[in-house]
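Peer 1: Both chains are sitting in their own frames, so use the hints and assemble them into the complex.
Heads up: the sequence lines are chains A and B, in that order. Counting from 1, one number per residue, gives the positions in the first sequence under our numbering. Counting from 231, one number per residue, gives the positions in the second sequence under our numbering.
If you are wondering where the hints come from, they were derived from the structure by calculation, not from laboratory data. This structure is a prediction, so every number in the text was calculated from the model and none was measured. Take the hints with a grain of salt, since some may be wrong.
[Said to hold, decoys possible] So, partial list: chain A residues that the calculated Cβ filter (under 10 angstroms) puts toward chain B:
1. E104
2. L146
3. L184
Don't be surprised by glycine CBs; every beta carbon is placed ideally from N, CA and C.
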Amino acid sequence: MDGNRRYARKRQRVASSGHVSGFYRLAKVLEWCNDLGIGNVSVFAFAINNFNRTPEEVQTLMDLAESKLRELAEKSDLVQRHGVRICVIGNRSLLSQGVQEAAEFAEQKTMHNRGMRLNICFPYSATDEISSAIRKVVEDVDACKLQHAEIDEKALESRLQIPGPDLDILVRTSGQIRFSNYMLWQSVKMAYIRFVDVFWPDFSFFHMVCILISWQLAYNDIQRRKQLRK
Amino acid sequence: MAVFVWFISLMALAAIAHLSGSRGKQGLKQQLADGACSVVLRSAQLAFAVHRSFQAWVQNSLTQAGLDMQELLQGDDTEAILAKRQQLSDLLASLPQRPEHLAVILPEHEVRENEAIGGLLVSEVDDVEVLCAWGLLAKIRRLSIYARDDSLGRAFDSIAGRLRNSKMVARAFNGRTPDICLDSSGRVEHICANSGSTRPDIHISLWTRDHGYPSLVRLSRELSREVQSKALAPAAITEALVADRLQDPRGSKHPELVLLLDDLPCVSEFPPWPLQNSELVQADSGARSLGDAVFRALVCFAKIEMRFGK
Numbered sequence: 001m002d003g004n005r006r007y008a009r010k011r012q013r014v015a016s017s018g019h020v021s022g023f024y025r026l027a028k029v030l031e032w033c034n035d036l037g038i039g040n041v042s043v044f045a046f047a048i049n050n051f052n053r054t055p056e057e058v059q060t061l062m063d064l065a066e067s068k069l070r071e072l073a074e075k076s077d078l079v080q081r082h083g084v085r086i087c088v089i090g091n092r093s094l095l096s097q098g099v100q101e102a103a104e105f106a107e108q109k110t111m112h113n114r115g116m117r118l119n120i121c122f123p124y125s126a127t128d129e130i131s132s133a134i135r136k137v138v139e140d141v142d143a144c145k146l147q148h149a150e151i152d153e154k155a156l157e158s159r160l161q162i163p164g165p166d167l168d169i170l171v172r173t174s175g176q177i178r179f180s181n182y183m184l185w186q187s188v189k190m191a192y193i194r195f196v197d198v199f200w201p202d203f204s205f206f207h208m209v210c211i212l213i214s215w216q217l218a219y220n221d222i223q224r225r226k227q228l229r230k
Numbered sequence: 231m232a233v234f235v236w237f238i239s240l241m242a243l244a245a246i247a248h249l250s251g252s253r254g255k256q257g258l259k260q261q262l263a264d265g266a267c268s269v270v271l272r273s274a275q276l277a278f279a280v281h282r283s284f285q286a287w288v289q290n291s292l293t294q295a296g297l298d299m300q301e302l303l304q305g306d307d308t309e310a311i312l313a314k315r316q317q318l319s320d321l322l323a324s325l326p327q328r329p330e331h332l333a334v335i336l337p338e339h340e341v342r343e344n345e346a347i348g349g350l351l352v353s354e355v356d357d358v359e360v361l362c363a364w365g366l367l368a369k370i371r372r373l374s375i376y377a378r379d380d381s382l383g384r385a386f387d388s389i390a391g392r393l394r395n396s397k398m399v400a401r402a403f404n405g406r407t408p409d410i411c412l413d414s415s416g417r418v419e420h421i422c423a424n425s426g427s428t429r430p431d432i433h434i435s436l437w438t439r440d441h442g443y444p445s446l447v448r449l450s451r452e453l454s455r456e457v458q459s460k461a462l463a464p465a466a467i468t469e470a471l472v473a474d475r476l477q478d479p480r481g482s483k484h485p486e487l488v489l490l491l492d493d494l495p496c497v498s499e500f501p502p503w504p505l506q507n508s509e510l511v512q513a514d515s516g517a518r519s520l521g522d523a524v525f526r527a528l529v530c531f532a533k534i535e536m537r538f539g540k
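Looking at chain B on its own, in the form it has when it is part of the complex (with noise of 0.2 angstroms):
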């Protein structure tokens, strides 16, 4: 039914399309034959172009980004590389949506070892830095860095010492020194704090397995200590209580996007609560570079309609 009302409609536009100009003396059904196929490719071609206008925007955007994460992050400061870097983020500004918590899935350790993911990951200390920066240049202030085992926590110095003297990181943040503060089950540091801040620029957790099924378990075991001491009655055990438990105690939103950076579309005992709402992208198989990807899905999550529970 709906195609036939579309179709009697492209004839309606095509006989005026085509009446409404001077052809000649041609019959009426060569007419309306030359109108539809006009109205067709006219369709056709303004849906190519939208289509392509956007595929454009992208593209440019990306190679711009590509250049940019080559360059721009890492290079020197010259003027052009300044201006591309404002460019780009005043397009990442220009999202229609971004997330405020970012969580990003690596591989684990021996994984990484034994498996090429895409090309992308250099290791543990050169992968936070990059993502540091992108949550800068994308105005993320929170972001939670997962692997399984615990190698970022074990190299949690190292990402410290990196961060702190990070060139890349300050050149996401306009040339200046960021407030970071850097969390790992129970270590807090703060880099490059500035004394007059309440609030950092960006906060980075560094999760593990640890954060996800062994926390409700250790929440189940208080729970127990509760209600055996009387404190407590089971049936007060409701999801509402349940969540005010796992709050983030600084009280961050779980995370909006979660970026899968691995081959495999698995989320390796990531914690599962925090998980409810998030939009999961796995990298792109076309992005050339860490920044590439951040950028591809910071892009996706932009398009993406919040529809909970309609």
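So that you can see chain A by itself, here it is in the shape it has in the complex (with noise of 0.2 angstroms):
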């Protein structure tokens, strides 16, 4: 979800209000994804290292993820017809008490929705995932959950934060066109990349459709190499 600011300075306004548009942009996307069928989708809604930006734009992000997590857990269509269910992802020991209490809120109030998993990665960093999946399952060779032989692939894997399933497509938006540490693990598991020269806020309909349907022309060829390597 690239470009909330730019998009925000571009119409002359200042940065919060580009978040807020990338949020109602967020809105209306997961009411596409929802409507296409799509079981999972991952948000990248703060980064690890934006706690570099200016102190009030980090209290500004962090006074909007806490009335809007509340806002989409309570109110919003998305969770309350069609079951949608909350994940916060990432390293919320960084994050002040108030927006830990409405992360918590989020998913508790919809742990038990059986629709499409919404996982909002908040503040996050594919390398602090995978070093504390590295940690996890040491811990738990430590505590004999696990034993040393079984370190493999999968162990890692399902101690992700993001375990599964497989990711299918990866969108960045505002014509960026690296990873910025988001779901490595994932990415590079045959994961369809898209890198859209569109701001967030600008992400439409038919941007979407078109991402989907060359998904669609590329998909056996994607399936073909999958299986060439089992």
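Peer 2: Listed below in structure tokens is the structure:
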């Protein structure tokens, strides 16, 4: 979900208004995903190294997260009617008490929902996720919950913050062409990667359909490659 | 609001532009309309000229590179070729930013056999030779070439032999013999080593899937052993510790640019950890050769704004 601030700058508004526009775009995109039957959606809301931004902007984002998490969990159509389950992924110890409580609230409120799973990565980095998985594996071996010989890729993958299912499509908006430390383990497993040159609040249904159609066209080749490996 | 401000500014400019000239007796509205059209057309012309200038620069450069790739690194050393080669080298040196570490993802051997990857690739040995030559031409000190299966590693001896005797590589290095360090899964070979040099002119690593997930598994096992032997506490396993253990012993940075030479926009189990902040460029469908694809990727990288965490 990249490009909120540049979207605001383009319209000569403050950065925070770009983040608010980004939230409303997220809500729209989630509706489309739900209507299309997509079962799992992960969104990169805040990177751990975004704490390097100005304190004012970080505070604005934290306040926005706190209010919007509660709003999503309590009032949104997606949760009420479509049973979306919210999971907040990342290193929550870096968050303030208020935001941690809002995240906990959103998860608890929706934990029994059986609809689309929404992973909100906040604050997140893939290298933090992989390091945590390694630490958990080592802790489990130390606690005799896992044998040393059982340390393998599956053991690590099952301890990731987003363990599965396999990522099919990774989209990054705003025209930047890098992963920025997002879902690295998951992305290199033959995820279809698309960099779209549009700011997140401008991401439209047309963009989404184009991505899905091009993925569909590549689907057989992707499956063939996966079969070759087996 | 922005459109309104722009329109008013444009009208004001049109008025000034038009009224400052002697146009005879015309109505004010007509003059403003003429002026506005004039300003719009001139702005469009300017924008187009800038765009075309850049496009022309790229196209000329590409055309030049395209010609050069066929003759310049493979043909004989005529004066004209030498001059073009120097021009190309100067062009690459003029790029505002170049990666210190370039990674290239090649398709696996079975995929090469069964799918035509845009006609850019020939064989593992030929492709490594071309990539090495381009790395030297662009003064890229570190080149990592990845193929998911071990097709590059299996061809290690052939690759080393080719690079040792390669005229293409020598031409890319101004007719001199470069000092190349080639490594692959524990094997290291210094090719055309200059005994006085402490640092190779280019370091080429041949990566496979083993450098990715399996390396993280090996690290987990190693850390588990250390914890079992009480040399380390589990809580000490932080991101910084993992990064330190995964760091290249030679101190190389992670690749800043990753060029994907495949029709599918998938990175095929490339090592995840080094990919953190790499720019990922898929070979342009318009590229006529492997060298052309590398050149276009370097031009693309040159224009990128580095905005990490901002």
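Peer 1: Confirm or reject each hint.
Peer 2: Hint check results:
1. E104: violated (23 angstroms)
2. L146: Holds: closest Cβ of chain B sits about 9 angstroms from A/L146, inside 10 angstroms.
3. L184: holds (4 angstroms)
Comparing the model with each numbered hint stated earlier shows that hint 1 is the single one that does not hold.
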